[in-house]
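**Q** Residue numbers (this note's numbering), protein chains in the order written: chain A, 1 to 313; chain B, 1 to 313.
Worth double-checking, as some hints may not be accurate.
It does not matter which identical chain is meant; a pair holds if it fits inside one copy or across any two.
[Claimed, not checked] For lysine to any residue, the following SDA-like pairs were computed, each having C-alpha atoms within a straight-line distance of at most 20 Å: (1) LYS141 / GLU151; (2) LYS230 / SER268; (3) LYS141 / LEU259; (4) LYS109 / TYR82; (5) LYS230 / ALA116; (6) LYS141 / GLY244; (7) LYS89 / GLU71; (8) LYS109 / GLY83; (9) LYS89 / SER72; (10) LYS305 / GLY26; (11) LYS109 / GLU84; (12) LYS89 / TYR245; (13) LYS233 / GLU144; (14) LYS141 / ARG159.
Please keep in mind that the hints were generated in silico from the structure rather than gathered at the bench.
Number of protein chains: 2
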Amino acid sequence: MRVVALAGGVGGAKLAAGLEAVLEPGELSVVINTADDFDLWGLRVCPDLDTMMYTLAGLANSETGWGIREESFDALAMISAYGEDAWFKLGDRDLATHVLRTQRLRAGKSLTEVTAALAGALGVRSSLLPMCDEPVATAVKTPEGLLEFQEYFVRRGQRDEVLGVELRGIGEARVPDGVASALTAADAIVFCPSNPIVSIGPILAVPGMREALVSFSAPKVAVSPIVGGKALKGPADEMMRTLGYEVSALGVAGMYEELATGFVIDRSDAEEGPEIETLGMRVLTTDAVMRDEDDRARLGREVLKLCSDLGAR
Amino acid sequence: MRVVALAGGVGGAKLAAGLEAVLEPGELSVVINTADDFDLWGLRVCPDLDTMMYTLAGLANSETGWGIREESFDALAMISAYGEDAWFKLGDRDLATHVLRTQRLRAGKSLTEVTAALAGALGVRSSLLPMCDEPVATAVKTPEGLLEFQEYFVRRGQRDEVLGVELRGIGEARVPDGVASALTAADAIVFCPSNPIVSIGPILAVPGMREALVSFSAPKVAVSPIVGGKALKGPADEMMRTLGYEVSALGVAGMYEELATGFVIDRSDAEEGPEIETLGMRVLTTDAVMRDEDDRARLGREVLKLCSDLGAR
Chain A
1 MRVVALAGGV GGAKLAAGLE AVLEPGELSV VINTADDFDL WGLRVCPDLD
51 TMMYTLAGLA NSETGWGIRE ESFDALAMIS AYGEDAWFKL GDRDLATHVL
101 RTQRLRAGKS LTEVTAALAG ALGVRSSLLP MCDEPVATAV KTPEGLLEFQ
151 EYFVRRGQRD EVLGVELRGI GEARVPDGVA SALTAADAIV FCPSNPIVSI
201 GPILAVPGMR EALVSFSAPK VAVSPIVGGK ALKGPADEMM RTLGYEVSAL
251 GVAGMYEELA TGFVIDRSDA EEGPEIETLG MRVLTTDAVM RDEDDRARLG
301 REVLKLCSDL GAR
Chain B
1 MRVVALAGGV GGAKLAAGLE AVLEPGELSV VINTADDFDL WGLRVCPDLD
51 TMMYTLAGLA NSETGWGIRE ESFDALAMIS AYGEDAWFKL GDRDLATHVL
101 RTQRLRAGKS LTEVTAALAG ALGVRSSLLP MCDEPVATAV KTPEGLLEFQ
151 EYFVRRGQRD EVLGVELRGI GEARVPDGVA SALTAADAIV FCPSNPIVSI
201 GPILAVPGMR EALVSFSAPK VAVSPIVGGK ALKGPADEMM RTLGYEVSAL
251 GVAGMYEELA TGFVIDRSDA EEGPEIETLG MRVLTTDAVM RDEDDRARLG
301 REVLKLCSDL GAR
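Looking at chain A on its own, in the form it has when it is part of the complex (with noise of 0.2 Å):
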């Protein structure tokens, strides 16, 4: 079974390695966010893309859901040495991927074959797809002014109450070739449990993106990243609030109308399911926290039977 994954950071990184552990190899493509990506010291810093890799190729830091396992942060001592604010935590390994990135988008490499390339060499045998080339830029409005991203995300703890998002260039973006043939292939498409706005919400704002999903004819599976009314890992909770959203399951199923087909519930909110279903989803009811790689391969097998029942193109 061919399958396209939309995902962010580590909750998409959890579920696109059970989704693996289940496919054959090369059956998985990761249509992967790309508008928290910034440049950092002169450096092309994607963080999506960069847990999606290290997850896959076994490299991630369980503990901390970003970054490389038992790395070391030399280079970020030496930075603030120099006077610089290590604000985001660099690690010396993580450095040479965004150094190789740096230097092949500059020699003018696209996002996707610097991607292809990178995680190839790590030995990922699922396809990383950017979900554009083009550089996107997510800003939040808050009471403090519009910040960057990563400012809100990394630096200021996610403390600002989240009054609108801009996803400057996003006008400008296009779907990938590769993306669309993924696309055209896949039997099944999982939304996986990453924050609807600022990680799913920029894919689907690609212009032709939304288009091409909504029309696919296959099982679409979303995965809700809010469990029990919290989000499971970052502000996606606090975040849906101050925007007006339902801070649940059902919430989050709400957003994904007229895209998916059926719908991930954890069972502690079991009671949410008759009314999801009303959105025309099948309900899946299960245990949907990944604490370990079971959990995520057990996940990953019950979404892609769910994506079976609900009917193979």
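Dock chain B against the given chain A, drawing on the hints supplied.
**A** What follows is chain B alone, placed relative to chain A:
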């Protein structure tokens, strides 16, 4: 006594450290070879500038002569994992230098400005002055063809016979204002025991530099990098031989004719002293090999004494 030292890498850095140990803070300016600078993985690497900076900041690895002591190489291991040929031993903390330098150069700062800021942040008290702000690249003619300097020097381990040296871009280089004003203010000039062909040579080849030094009327003292017919470090001896120079302190002195008014040789070369004096230089015969910090300061003191004896301007 305000001193301008001309230097390349390791040998030059040792004597500069010795001079700094004896002079008052701020009295030393070092004009440094930049013709072996190169781009590596999109980063601007300046080996001689960095050897000087790390040495004067007390960070240098005294065993290797290059790089930073207690350095880690995790980024390089990752660069290898990505399939790149990791022939240049880039340490993690060293990498931070190249990242910040590259960012600032791309933002429009001159190499002079970037170097001053980096060295200042590390607490270096002397002025580190690149020989020019324009890119110059040493290429070495060998029986295998023309090689980039680091290709010859590091990757191929200096094993090729050197038939000639090209300094690409030297015609567009000019003496930076900071170098010109340091020379104007100087009470003495010291040519460090660096390779006369590929370290001091490029500095002298910057248009206007040699003329400025020749017309400089105060003491100018050169220290021989050849002791007992051999280079203290690096390929200076072999290079001199194949380019037709006599490989001796006398041979080096001949290269400094019209430039130096004093010349420092090792006791093992004492018998060459009288002939060097016929070139118009006062000769100091001493222990010219710097094994430790005491040696550096002693040689620095002796060099400055010779400058004084030659008569401050």
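**Q** Are the hints correct? Go through all of them and say.
**A** Right, here's what the structure says about each hint:
1. In this assembly of identical chains, the alpha carbons of LYS141 and GLU151 lie at most 20 Å apart only when taken from the same copy (12 Å versus 51 Å across copies).
2. Only within a single protomer do LYS230 and SER268 lie at most 20 Å apart by alpha-carbon distance; the minimum there is 11 Å, versus 79 Å between protomers.
3. Proximity of LYS141 and LEU259 under a CA criterion of 20 Å is satisfied in neither setting, with 27 Å inside one chain copy and 65 Å between copies.
4. When the C-alpha separation of LYS109 and TYR82 is checked against a cutoff of 20 Å, the pair qualifies only between copies, where the shortest distance is 16 Å, while the shortest distance within a copy is 31 Å.
5. Taking the shortest alpha-carbon separations for LYS230 and ALA116, neither the intra-copy value of 34 Å nor the inter-copy value of 50 Å comes in at or below 20 Å.
6. Taking the closest pair of Cα atoms, LYS141 and GLY244 come within 20 Å of each other only inside a single copy of the chain (14 Å); across copies the shortest separation is 70 Å, beyond that limit.
7. Within a single copy, LYS89 and GLU71 get their C-alpha atoms as close as 11 Å, and across copies as close as 19 Å, so both meet the 20 Å cut-off.
8. When the C-alpha separation of LYS109 and GLY83 is checked against a cutoff of 20 Å, the pair qualifies only between copies, where the shortest distance is 17 Å, while the shortest distance within a copy is 32 Å.
9. In this homomeric assembly, LYS89 and SER72 come within 20 Å of each other (Cα to Cα) both inside a single copy, at 10 Å, and across copies, at 17 Å.
10. Taking the closest pair of Cα atoms, LYS305 and GLY26 come within 20 Å of each other only inside a single copy of the chain (19 Å); across copies the shortest separation is 73 Å, beyond that limit.
11. With identical chains, the CA atoms of LYS109 and GLU84 are at most 20 Å apart between copies only, with a shortest distance of 16 Å across copies and 29 Å within one.
12. Within a single copy, LYS89 and TYR245 get their C-alpha atoms no closer than 32 Å, and across copies no closer than 53 Å, so neither meets the 20 Å cut-off.
13. For the identical chains of this complex, LYS233 and GLU144 are neighbours neither inside a copy (24 Å) nor across copies (58 Å), given an alpha-carbon limit of 20 Å.
14. Proximity of LYS141 to ARG159 under the C-alpha cut-off of 20 Å is restricted to the intra-copy arrangement: shortest distance 12 Å within a copy versus 60 Å between copies.
Hints 3, 5, 12, 13 from the earlier list are contradicted by this structure; the remaining hints agree with it.
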